[in-house]
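Participant: The listed protein sequences derive, respectively, from chains P and F. Take 1 as the starting number for the first sequence in our numbering and just add one per residue. Take 1 as the starting number for the second sequence in our numbering and just add one per residue.
Do not take every clue at face value.
To be verified - Cβ-Cβ distance ranges computed for the label pairs, FRET-style:
#1 F:E43 to P:A199: 54 to 64 Å
#2 F:Q207 to P:K70: 27 to 37 Å
#3 P:E195 to F:S242: 46 to 56 Å
#4 F:R97 to P:G41: 36 to 46 Å
Calculated directly from the structure, the hints in this document are not laboratory data. Keep in mind it's a predicted model, so treat the numbers as computed, not measured. A virtual CB, placed ideally from N, CA and C, is assigned to each residue, including glycine.
Number of protein chains: 2
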Amino acid sequence: MLYLIGLGLGDAKDITVKGLEVIKQCSRVYLEAYTSILTVGKEALEEFYGKDLILADRETVEQEADTILKDAHLCDVAFLVVGDPFGATTHSDLILRAVKLGIPYRVIHNASILNAVGCCGLQLYNFGETVSIVFWTDTWKPESFFDKITKNRRNGMHTLCLLDIKVKEQSVENLIRGKKVYEPPRYMSVNQAAEQLLAIIRNRRLQGEEPEVTENTVCVGLARVGGADQKIASGTLWEMTSVALGDPLHSLIITGTLHPLEVDMLKLFAVDKSVFEHN
Amino acid sequence: MLYLIGLGLGDAKDITVKGLEVIKQCSRVYLEAYTSILTVGKEALEEFYGKDLILADRETVEQEADTILKDAHLCDVAFLVVGDPFGATTHSDLILRAVKLGIPYRVIHNASILNAVGCCGLQLYNFGETVSIVFWTDTWKPESFFDKITKNRRNGMHTLCLLDIKVKEQSVENLIRGKKVYEPPRYMSVNQAAEQLLAIIRNRRLQGEEPEVTENTVCVGLARVGGADQKIASGTLWEMTSVALGDPLHSLIITGTLHPLEVDMLKLFAVDKSVFEHN
Chain P
1 MLYLIGLGLG
11 DAKDITVKGL
21 EVIKQCSRVY
31 LEAYTSILTV
41 GKEALEEFYG
51 KDLILADRET
61 VEQEADTILK
71 DAHLCDVAFL
81 VVGDPFGATT
91 HSDLILRAVK
101 LGIPYRVIHN
111 ASILNAVGCC
121 GLQLYNFGET
131 VSIVFWTDTW
141 KPESFFDKIT
151 KNRRNGMHTL
161 CLLDIKVKEQ
171 SVENLIRGKK
181 VYEPPRYMSV
191 NQAAEQLLAI
201 IRNRRLQGEE
211 PEVTENTVCV
221 GLARVGGADQ
231 KIASGTLWEM
241 TSVALGDPLH
251 SLIITGTLHP
261 LEVDMLKLFA
271 VDKSVFEHN
Chain F
1 MLYLIGLGLG
11 DAKDITVKGL
21 EVIKQCSRVY
31 LEAYTSILTV
41 GKEALEEFYG
51 KDLILADRET
61 VEQEADTILK
71 DAHLCDVAFL
81 VVGDPFGATT
91 HSDLILRAVK
101 LGIPYRVIHN
111 ASILNAVGCC
121 GLQLYNFGET
131 VSIVFWTDTW
141 KPESFFDKIT
151 KNRRNGMHTL
161 CLLDIKVKEQ
171 SVENLIRGKK
181 VYEPPRYMSV
191 NQAAEQLLAI
201 IRNRRLQGEE
211 PEVTENTVCV
221 GLARVGGADQ
231 KIASGTLWEM
241 TSVALGDPLH
251 SLIITGTLHP
261 LEVDMLKLFA
271 VDKSVFEHN
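Using the sequences and the hints given, assemble the complete structure.
Facilitator: Rendered as structure tokens:
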């Protein structure tokens, strides 16, 4: 049996009782290590589970799926994913391959950022399409996520922005030379995401547009959601460029139409309460 | 401290290790009993937790919040919610009241139907606004959710439809007489939801419209997501009127634009694979 097990968002103890029982019975346990991170490392998980974990980076999962699935019709194999197995990414490829090989699979769900963001008080019902904000480079500055945020906002919907994670990335130079040397991991902060959004707003104005989302749009910055030291800050997009949220992972919400109860909740996390006075 | 703890979606063991530890240390433990159900009852939870649970129906939470919060600045009180505390509903009222009383609170997240539906292979990214489909009565047949589904679909987005739950409802007769006699609980099935949607489609055609969602739109019916006997069925809306999914809870997804990998996953659950041949 192949088990896809969500680990939740905080630390080792955010796994479900069922998930922990399954891990203990598995012959091999893989830890997916490229779409998200917990507030604790692999060693802390290994100690808590009493099992060695095999790190599965993007290459392993894409190129060595057959290794992961080896003998899984005879023994139990677990594939651990931070959050929910179907949260920020999906593992359809692995499941489809398992089914093709006649290997049964089972999913053990957990919280993912997509539902845990409800902790800021915004109704999950009222979220539109989720977007990803990627790190800009000198030559690549995509703006397509801004149009999706605009569309959601025009429909009154909030937008959850998942912020870029660069793990095990190679520099162009090392890639060309075929050197498997990796850059240190980078996690986009709410400050960086807000700066990129403000740059897009400036661009749009230069093109004669008046964007739907501006520096005064109410946003929510979240860090380490589900962790013991989680932080939430609500305020304008402008305020999000300087708010101090600490270590990764960060997420950013651009609000749509706010309901009174949502405003009351956001006030609990306000950088500056006066922003919410007229709401 | 007030703890809001998600129980996940399946049975007693879907609670997180952290959530279980907290419950064991709490002086009072409430179980929210009106927005969702697990596949096991209160007694099974009590046995697994080793704690008595106090059922909190809608009346208790709305009218007796102060009872729930009593002495929570001196002792630990847990409020258990099926799924995630911010999943299908929100408990902002309880949190705001706690904050006002100077009672600290903490949330222990878990899977909710809003992220666990990813198990059917549809990308959670591509879901628009979530809707609720309510039981029609002889005199009240709202159609507003249909317009939201239509809007999502025009934007290429899938729609998760949460299906009505009637727990501790009074008949109009008993309500008028002030008799606290409650009707047996009712849970809307995928079949019932599909029938109501088809009735709306017929109405719209009678009014000369050609609806965006038709009897041939690809849908996904899900039952007991996260439970050991979970069922998923994909097919046309018409097929959803007769598919046998068994006991509650059910959910229904109306798809938007399908990506090839999503189609591959939906085929695993097809009522009739030929529906997906042209996709």
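Participant: Against this structure, judge whether each hint is valid.
Facilitator: Do the hints match the structure? See the list:
| no. | hint | in the structure |
| --- | --- | --- |
| 1 | F:E43 to P:A199: 54 to 64 Å | 58 Å, holds |
| 2 | F:Q207 to P:K70: 27 to 37 Å | 58 Å, violated |
| 3 | P:E195 to F:S242: 46 to 56 Å | 54 Å, holds |
| 4 | F:R97 to P:G41: 36 to 46 Å | 38 Å, holds |
Checked against the numbered hints given earlier, the structure breaks only hint 2 and satisfies all the rest.
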